[in-house]
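Chemist: Given chain A's structure and the hints, the job is docking chain B onto it.
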Amino acid sequence: MASDLTNPILDALSASETILSNEAFPSTPSSTVKSALDRLGSRQMLEYETREKEVITLTAEGQEIAANGSHEAKVFAAVVAAMDGLKIKELPEIVGKDNAKVGQGNAFKRGWIKKDNDLLRATQDSIVDETRELLLTLQRTGALDDGKAITDLKRRKLITPSKEITYKISKGPKFAREFVKEETDLTAEMLTNGSWKTAQLKPYNFNAKGAPTPAGALHPLNKVRQEFRNIFFEMGFEEMPTNRFVETGFWNFDALFVPQQHPARDLQDTFYISDPPTADPPREDPLNDPHRPASTQTGSQTTKEQPLDYQKYWDNVRETHENGKFGSIGYRYPWSADESLRLVLRTHTTSVSTYVLHKLAANPRPARFFSIDRVFRNEAVDATHLAEFHQVEGVIADFGLTLGGLIGFMEVFFAKMGIHQLRFKPAYNPYTEPSMEIFGYHDGLGKWVEIGNSGMFRPEMLESMGLPKDMRVYGFGLSLERPTMIKYILFHVLEFFQIANVFLSLFLFRYAVSNIRELLGHKVDLHFIETNPAVRLEKD
Amino acid sequence: MPTISVDKAALFKELGQEYTTEEFDELCFEFGIELDEDTTNSDRPIVDGKQEPPQLKIEVPANRYDLLCFEGIALSLNIFLGRKPLPEYKLAELSNGELQSIIVKEDTTKIRPYVSGAILRNVKFDQARYESFISLQDKLHQNLARQRTLVSIGTHDLDAVQGPFTYEALPPKDIKFVPLNQTQEMDGEELMTFYEKHQQLGKYLHIIRDSPVYPVIYDSNRTVCSLPPIINGDRSKISLNTTNVLIEITALDKTKLEIVNRMMVTMFSQYTAEPFTIEPVKIVSDHNNQTRITPDIAPRATQAEVSYINQCCGLNLTPVEICNLLRKMAYHAKPTTNAPNLINLEIPPTRADILHQCDIMEDVAIAHGFNALPRSFPSKSGTIAQPLPINKLSDIVRVEAAMAGWSEVLPLILCSHDENFSWLNRKDDGNTAVKLANPKTMEFQVVRTSLLPGLLKTIRENKSHSVPMKIFEVSDVAFKDLSLERKSRNERHFAAAWYGKTSGFEVVHGLLDRVLAMLKSAFITGEEGLENSAVGDSQYYIKELDDPTYFPGHSASIHLRIGGRDHVVGAFGILHPTVLEKYELRYPVSTLEINIEAFL
Chain A
1 MASDLTNPIL DALSASETIL SNEAFPSTPS STVKSALDRL GSRQMLEYET
51 REKEVITLTA EGQEIAANGS HEAKVFAAVV AAMDGLKIKE LPEIVGKDNA
101 KVGQGNAFKR GWIKKDNDLL RATQDSIVDE TRELLLTLQR TGALDDGKAI
151 TDLKRRKLIT PSKEITYKIS KGPKFAREFV KEETDLTAEM LTNGSWKTAQ
201 LKPYNFNAKG APTPAGALHP LNKVRQEFRN IFFEMGFEEM PTNRFVETGF
251 WNFDALFVPQ QHPARDLQDT FYISDPPTAD PPREDPLNDP HRPASTQTGS
301 QTTKEQPLDY QKYWDNVRET HENGKFGSIG YRYPWSADES LRLVLRTHTT
351 SVSTYVLHKL AANPRPARFF SIDRVFRNEA VDATHLAEFH QVEGVIADFG
401 LTLGGLIGFM EVFFAKMGIH QLRFKPAYNP YTEPSMEIFG YHDGLGKWVE
451 IGNSGMFRPE MLESMGLPKD MRVYGFGLSL ERPTMIKYIL FHVLEFFQIA
501 NVFLSLFLFR YAVSNIRELL GHKVDLHFIE TNPAVRLEKD
Chain B
1 MPTISVDKAA LFKELGQEYT TEEFDELCFE FGIELDEDTT NSDRPIVDGK
51 QEPPQLKIEV PANRYDLLCF EGIALSLNIF LGRKPLPEYK LAELSNGELQ
101 SIIVKEDTTK IRPYVSGAIL RNVKFDQARY ESFISLQDKL HQNLARQRTL
151 VSIGTHDLDA VQGPFTYEAL PPKDIKFVPL NQTQEMDGEE LMTFYEKHQQ
201 LGKYLHIIRD SPVYPVIYDS NRTVCSLPPI INGDRSKISL NTTNVLIEIT
251 ALDKTKLEIV NRMMVTMFSQ YTAEPFTIEP VKIVSDHNNQ TRITPDIAPR
301 ATQAEVSYIN QCCGLNLTPV EICNLLRKMA YHAKPTTNAP NLINLEIPPT
351 RADILHQCDI MEDVAIAHGF NALPRSFPSK SGTIAQPLPI NKLSDIVRVE
401 AAMAGWSEVL PLILCSHDEN FSWLNRKDDG NTAVKLANPK TMEFQVVRTS
451 LLPGLLKTIR ENKSHSVPMK IFEVSDVAFK DLSLERKSRN ERHFAAAWYG
501 KTSGFEVVHG LLDRVLAMLK SAFITGEEGL ENSAVGDSQY YIKELDDPTY
551 FPGHSASIHL RIGGRDHVVG AFGILHPTVL EKYELRYPVS TLEINIEAFL
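Protein chains in written order, with the UniProt record's numbering: chain A, 1 to 540; chain B, 1 to 600.
Pulled out of the complex, with its shape left as it was, chain B reads as follows:
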């Protein structure tokens, strides 16, 4: 969730009231934002010899782009508190000929196809407003615009350039200009090299760097206004004294493009000579049917069902009461005359988060107060509790192992490729393990296919513990399985490890016998011809195993006979000394690992 820093004194002045930290925290809580910090009593940085005034750091929901700046937070809280109505945003009425325009060239479809614009005429900045204006662009870039990949904003001093503007896509070599706050002219390629190491801009270069054409906005004198999404030209840069601001926005995503435009103009049009009035810009883009006047700040008309809202909230409000509550959340809402179950709504251009009447219903609940909703208990329907069968089986094994004196551990499911394979003297045949594409560390390269690495690492980290150590785990491993929708499957395993001065081979074997006995599986031996139809739901036998994980001659495969079929369900044995060496273990270790799903 984004965190916005606002000047405390200025905000309280806007809200017409001083709040204690607790009172303001309460207000935020009810409205659905979170006061992270009030810096009044903290060490605040000193900038230009003056200590920063107290700030309120406010966390806002990720879908409330209208709360990403001081202006938006002040406005929404004032409306919520009933102190101010929602402003009526207007487009300046100009004849078509007077409109500034951006003419879009078809080549832009190759790199960044959409553009939108708006003009704030006779705007009056001061230091705080100017900083907020810059900061909102930054927040929008970080959040909705996904680090400028989807949308990027350029703001310009309209008086320093000359419309009409063109939006083009040209080879980098052909674009030459002086970038913002630089003195030297450079072309597109030089610019990439120049900003390669730049702390802020370096991370955006990849968005267009390898493209044969770069997007660029020119004025009618071929002055570069901006090279989206990287940087503006120096010529049109804005300052505290700029009075006419051209906002141009380019994008890959049409919807987010217009949301960004609406946020910029609704938040800052209050500072224009004629407040809340925006001068539109004509976009000429016939090749992709995007010719239009921007921004579109008309409220979105929709309807919501009174019964739905009441039913979800557990309230019994009249349409008028609902409309009154919705007014606190910045809607224009009116009961309909002909359909008593519907209310007519206008969703303001600031509320990009409203997609469905459930969003409207939530706003009614917030305006009413979540904590004031009538509380009930959803008990009218009886349901039957039941455990997942595999978890019930796991619990039987876990409890039996613990009762036998073993301690349960809970290692991680992800591990390194080496831990899962080569350290156990196992080869990766490429058809076994699920591999991760983007781990941040070597620790997490594959989903384990065996519980052994986790057990052995646990022992390694517990060498100060007295010996023998007896540990176990019952949990899932995962295997590739191309026959399934998700191309992989989990498998529930039980594994145990003994670490002590002697090998513990028979001890681990004994644990296997005990657990299988508790699962009603009977031991059958070769001497009895493997035909001992001993009591039990199933039978098991073991066979000497030749496996490089284990010490030669001291490991066995475990065979389960169930429903007349034999399955190899696992193995146990003394670990090979080379395995111990990899896991930095000084004493002998015997392990046991079985797949318990056959017992389901």
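Just chain A, with the same shape it has in the complex:
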């Protein structure tokens, strides 16, 4: 125990001004000495210097030679003892196999013995066993003047260099004979009995981390979601009621002017519902439906609202597809009501935007809506595709909106996420025209990355709802996972790579390179959830 040495050290110091640890405590391991010194040193009871010296110690074989003589000396002794020559093959029996092998050669080399047929004979009466002498000197003094001899002994693995640490210890400003017991912590009892006045508190280790605090955690993806929600709230958006996973072909596709033969409606892409089998045509929600958007539940505005004609909406959608209406030539195909009443898992939250925009037709007015929720695609699951993911969607309805306004809005929206360079590419989307893909410049990757989609909803879609012709509606969307993977995770990894914690960076690197499943779903590592830092999109 380290504490055992504190008082002996203080005793030794009281007797002399300085002591050397190797003299005062020759048999104590230096680590034990150091820990006692550090404890005393931290209270300024003593000071010490560390001295390192290279010393030479004997290996086990070296110690054996120092004690009993070298192999060659043993061979020589055996030969001399045989009086009239020693039979070569008897040597191993007398001195042992190892001694015989090495010793015989060395004894020949030194000219101590010679060969006479099958006998070994001594060439002199006595010898000086230099090897043993050298080792004995080394053992005694720890040094040797003859560098060549040292090299030779090292080569023969008889000695080995090692470090000896010695502490030169002297009294510190607060030297005392007694080492008072340290208290580990300040306690209520100490406050009560006043012992805190004299107590010595064990010094705090300022190099260690504190005790881990028990903590709950929010999911990283939901933290990013909250950032997005905040941005939407800052910009005056109302949250849409996306708590409706099952949609009809009507709301998910037809009302968005997606033709019934569109590839997105393939079994390959969309989850269809087998049970329940089929939907009803669109109609007014039940009065007490808890899923209605907040704005339609607030009192004053509802008075101005015109009742919505659902049959007319349905007919408009049919006519727009089949023959064209509202200035459109339509898709010109026979539209099927059955197809429209098939139930699907919503493939996008735009089905909800459609529902909300239709509600807006009861009282067309400037409005901003957003949603962030789960959507479903019947995709083969791989590293970047899941059958479920989160869609972030925004809708702005107003009179006289322009395309440049959409671009300007996107610049502000993405600037709030720290993305400042945007450009826009013409694209195709069945329900927006114009459609623009949004590209953001990613400093980390050094290239333009697609970060979202946007556009103005088609008049075929809006006018079918009964919205006025001069009301225009922007729609924009992005996937929550994608920017999260690109921006957030990657950036954190880059950050972590700069600190020298290889394990941590390797652990996190996994999240960037591999798999969306590690961000959403049951395969997410709980440790990842618990240790993920707060999300600040504008800074990350």
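I should point out that these hints are in silico values taken from the structure, not numbers from a laboratory. Treat each hint with caution, since some may be false.
Stated by the list, open to error - Only part of the chain B face toward chain A is listed, based on derived beta-carbon distances under 10 angstroms:
| hint | residue |
| --- | --- |
| 1 | Gln-357 |
| 2 | Asn-371 |
| 3 | Ser-376 |
| 4 | Pro-389 |
| 5 | Phe-472 |
In this text, a Cβ means the ideal position worked out from N, Cα and C, and glycines have one as well.
Modeler: Then chain B, alone, in the frame of chain A:
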């Protein structure tokens, strides 16, 4: 979006200019197509001992069928760059008697009612043109034609057959011919068996296979030209040396039929002796009023409003300026003389994607340059931000659970039927869960009706984590509800699970108490006669529950009294060991699940 591979050197030659990859990428970006890859510096395949020349792989919008081949991309970019005008497509002027015709039999209405045709006379193919001609058919089949279900194209050497042609529907047994690139004659049934395993054609057989009659096109000598939508006859096959090409197209959809015809002839008529001239074909189909001359390549005349275009783009262009921009997008556009707010437009036969003046407005914006549009901020109207009430409530519960030391997880909403029912010792009464018709894996059979499967799977995947594990989720489940339009409804649940060496029953119970306390719900007990009108907006009590999901005697139902009515909102308990076994969990688990919508 379809990706088209074009020969880089040939395209740049057509465009009259060499581009660096970056320059060409920029041009694509502005025009609204996407350069996916320039293979100049990649390992290109070696075909017949020659390495494939560098290709540009270009993604084109799904509604631009006129960009599905080299010819179309070159043409559109040349027009966009102002290097070429839009070609004037013409129909060859032949007297009615000279026209080739396809006579349609009424029986075709039973299987594939519509047909269209065209002839490219004195066409000159070379290897590249021929390959592009074949490839365009393939791309049209894949995209617009929805894997040949809606439309299919057959192309023939007109000199190997003899008009007039008939389009009929006959029993498979009665159709006998040698299919393309085969030597053996077979009937319709044999053909189905023959091509069953065929890599390319096998997937199209289903379109007609079970029909009592198959569509077929004969020439006047009863030679089979094609068995749409599967395969042509060998007799009329085209080659590099074919000079007169008959194009026949059959379809279920009249509109797409004519679009396909227009694409084929506008893209390849430039290689005929008299460029951009197409020889029409007469379709005789009185029974369904489809007798006509095809193709119809007349531009579609329409009008667009100057004010609408300017207003949407945020520009202030004169009608002349708009017309000039539209010319870059292949329109013929002229200001009107009598109505200054209107321009007269001719939409070329290549632009099947133009449905409304919004499409025209977009083309003005593209021609002007999206990134050059004047930017503004749509700030003139004030709107009021607000969260969805159920999401606000969820956030309260989420934050309280996390503050209580639990970690939020986000499992999937879809799960297997077993995970949702039998693994929890629950029976499917057939009236509860929404079931999927076409999942690709067993993982996704139903929409969950409980949050428990996701929590338990999360624990299963995290067994290396230290115990106890304390996790929760606040999210939606869905139930069948036949009273509603969509026959189902979501319900917002809060669920938590404890996994540790001891059961954690009281811990989960404690979490319930904490969260309900934060929702101003007061605990009332039996001892107090369930009449403790304690402070709060609501009260709750629990009752021992007999439920096979849980360990006997160690589960409770949760009852909420709100507005004087009692609702069962959920349950908690120690999971039954058989449940743990199904989810491969070694330690005891206690769970809690409640519907929070009553707190709205």
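Chemist: Run every hint past the structure and note whether it holds.
Modeler: Hints and how they fare:
1. Gln-357: holds, 6 angstroms
2. Asn-371: holds, 5 angstroms
3. Ser-376: Hint on Ser-376 of chain B: holds, closest Cβ of chain A at ~5 angstroms, below 10 angstroms.
4. Pro-389: holds, 6 angstroms
5. Phe-472: Since chain A brings a Cβ to about 8 angstroms from Phe-472 of chain B, closer than 10 angstroms, the hint holds.
Comparing the model with each numbered hint stated earlier shows that all of them hold.
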